[in-house]
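Student: Please model the entire structure based on the sequences and the hints provided.
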Amino acid sequence: MSTAADDRSVRAPWVLTAPALMLFVGVLLIPLAMTVMLSFHDWGQYKGIEPVFILKNWREIATDPYYAEMFWRTFRIAILTTLLTAVLGAPEAYILNRMSGRWKSIFLLVILGPLLISVVARTLGWALLFGGNNGLVNKLLMSAGLIRFPIPFMFTETGMVIALAHVMMPFMVLSVWAALQRLDPQIENAALSLGAGPITIIRRIIMPQIMPGVLSGAIIVFSLSASAFATPAIIGGRRLKVAATLAYDEFLNTLNWPLGAAVATLLLVALVLIVVGSNALIERRYAEVFR
Amino acid sequence: MRRNGPLALIFHTIFVIVMVAPILVVCLVAFTPEGFLSLPTNGFSLRWFRAIANYPEFIHAFWVSLGLGALSSFVALLFAVPAALAIARYRFRGRDALAALFLSPLMIPHVVLGIAFLRFFTSAGMGGSFAALIIAHVIIVFPFALRLTLAAATGMDLSVEMAAISLGAGGWTLFRRVSLPLILPGVISGWALAFIQSFDDLTMTVFLAAPGTETLPVRMFLYIQDNIDPLVTSVSACVIAITMTALILLDSFYGLDRVLAGKGDTGR
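Protein chains in written order, with the numbering used here: chain A, 2 to 292; chain B, 27 to 294.
Keep in mind that a hint or two might mislead.
Stated by the list, open to error - Rough simulated footprint, nothing fancy, chain B against chain A, three-plus residues with beta-carbon under 8 angstroms:
| # | stretch |
| --- | --- |
| 1 | 27-41 |
| 2 | 114-127 |
Unchecked claim - With the Cβ distance kept under 10 angstroms, some of the chain A side facing chain B (calculated, not the full set):
| # | residue |
| --- | --- |
| 3 | Leu-24 |
| 4 | Ala-87 |
| 5 | Leu-89 |
| 6 | Ile-96 |
| 7 | Pro-151 |
Said to hold, decoys possible - Just a few of them, taken from the derived set where beta-carbon distance is under 8 angstroms, the chain B residues facing chain A:
| # | residue |
| --- | --- |
| 8 | Met-45 |
| 9 | Phe-156 |
| 10 | Ser-262 |
Honestly, the hints are just simulated from the structure, not real lab data. We put the CB at the ideal spot given by N, CA and C, even for glycine.
Tutor: Laid out in structure tokens, this is it:
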């Protein structure tokens with residue numbers, strides 16, 4: 002038996018979500034579908050976009066080694082950035098977690114705050130620090146005797162990875178931090194009282210427990226780095242292209258929209274597969290942690 | 027718990043310096059008295075901040091960014107608040123799928139969104155318009171507006187609402203006098219976080235902005251592409267100052283750790 006009140010509580014959530022749902026279907030799903038369609042259209046220097054169904058763009062991406070190299074560079078940079086944030090961010094989160102209350106919240110603010118500061122401003126900072134062969138970083142490294150000749154940072158993958166790692170670091174620290182909050186400090190003390198050394202404690206007690214945090218942070222950092230635009234565009238310059246900057250060029254300089262749409266679609270599909278796949282792997286491997 | 031050893035503290039110090047260095051160097055160079063990029067070694071000068079006044083493109087872009095951020099965050103909340111109430115209160119079929127759809131702009135690369143919106147709005151004859159920018163920004167800030175409102179609505183004490191209903195309140199009155207005031211801190215923080223996201227977005231906006239509707243990040247990016255001089259550092263210093271102000275407001279209203287902790291699971 003259904004009463005009027007029952008009817009209302011069945012209908013209410015749909016009435017409340019309907020405006021947002023219509024917005025998302027109309028202005029998100031339809032444009033995304035249009036982009037996928039666009040990647041199958043033809044394009045010519047003089048005829049513009051022709052709404053036909055051909056595989057020209059996809060064949061070009063599959064056969065021209067330029068695109069293979071560009072995608073390989075994109076993922077290489079994303080992987081190196083992810084490794085760098087994990088190797089530096091995880092220990093920092095651990096150190097941060099062991100600080101006393103006031104210092105902890107101050108440094109947490111200092112490290113996480115940049116997350117909300119303009120990426121353009123942060124990358125500009127790196128461009129200033131790198132700045133040619135006598136940039137601040139090179140001067141510092143040379144006067145410390147760490148290097149004898151300046152390392153080229155601007156317009157190189159090295160510079161891109163460093164600047165990207167800085168931009169992404171808060172995500173990694175945050176993710177490991179969240180994992181550390183679930184950790185019972187008594188386990189560490191128990192290991193200590195049983196005679197375990199600091200290295201054994203980190204390797205056998207801490208590492209296994211924060212690993213899910215490191216991995217989920219790695220997924221976030223990887224997917225954001227692989228699709229990053231501002232940092233590769235400013236540090237990488239016009240020649241060192243990654244997927245996002247190449248798509249930008251095809252859309253706003255060459256005006257070959259169908260090819261740019263194909264690059265973007267491939268990036269989206271690749272990222273969704275990688276993110277969903279690794280999420281499933283992590284959740285299976287660490288099922289007990291997520292329970 | 028054990029204390030950090032000296033090695034850990036050295037690592038921590040270097041880490042913090044590296045995290046702060048790029049932001050600090052921008053703010054320092056902005057005060058240079060020289061006509062070229064340099065650290066202000068012989069005194070501070072405001073000449074590059076005054077120089078912004080002679081560059082109307084930056085001023086205009088700033089107002090575009092401000093209006094766009096304020097308006098798109100507000101519109102996003104108009105859609106997000108009812109959706110958040112529905113998701114927090116009711117268990118209905120398709121609830122998880124809806125929540126996933128509403129948070130999906132976090133997972134879709136902004137370059138893909140930029141391309142999709144460029145194609146969509148150009149076909150609709152709205153290419154480069156301010157209205158197109160607003161709609162696009164509503165989509166990208168929606169997840170932030172939704173998440174904080176949702177957190178507030180989930181933690182809300184339902185008995186207060188029950189009391190209001192028993193006293194005869196209902197519908198709009200109930201929402202305006204009881205529910206909305208209760209979730210207001212979440213709504214305001216959601217607005218602030220959404221504003222920051224809109225104000226900072228470059229990757230998607232760079233595809234949509236035309237001369238006249240260029241936002242500040244887009245204007246700064248296009249400027250940097252040509253040359254880097256102290257002017258763009260003083261503009262960046264202003265942007266950093268604005269974001270810091272919003273951050274402090276956000277912190278006092280809601281607690282920054284709570285805002286950011288929600289951000290950590292963007293990849294999920």
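Student: Next item in the hint list is Met-45/B. Is there a CB on chain A closer than 8 angstroms to its CB?
Tutor: 6 angstroms, holds
Student: Closer than 8 angstroms, Cβ to Cβ, for at least three residues: run that test on the stretch 27-41 of chain A against chain B and report holds or violated.
Tutor: holds (count 8)
Student: Per the CB criterion, is Leu-24/A less than 10 angstroms away from chain B?
Tutor: Holds, because the Cβ-Cβ distance from Leu-24/A to chain B comes to roughly 6 angstroms (cut-off 10 angstroms).
Student: Measuring from the C-beta of Leu-89/A to each C-beta in chain B, is the shortest one below 10 angstroms?
Tutor: Leu-89/A check passes; min Cβ-Cβ to chain B is 7 angstroms, inside 10 angstroms.
Student: Interface hint check: Ile-96/A, Cβ to nearest Cβ on chain B, cutoff 10 angstroms. Holds or violated?
Tutor: With a closest approach of 5 angstroms, the Ile-96/A hint holds.
Student: Have a go at the Ala-87/A hint: is there a Cβ in chain B nearer than 10 angstroms to its own Cβ?
Tutor: 14 angstroms, violated
Student: Within the stretch 114-127 of chain A, is the number of residues with a Cβ closer than 8 angstroms to a Cβ of chain B three or more?
Tutor: holds (count 14)
Student: Under 10 angstroms is the threshold here; is the Cβ of Pro-151/A close enough to any Cβ of chain B for the hint to stand?
Tutor: Constraint on Pro-151/A not satisfied, violated at 17 angstroms.
Student: Checking hints one by one. Is Ser-262/B an interface residue toward chain A, by the C-beta closer than 8 angstroms rule?
Tutor: 4 angstroms, holds
Student: Would the stated hint for Phe-156/B survive a check requiring a Cβ distance to chain A of less than 8 angstroms?
Tutor: This interface hint is violated because 15 angstroms lies over the 8 angstroms limit.
When each numbered hint is compared with the structure, violations occur for hints 4, 7 and 9.
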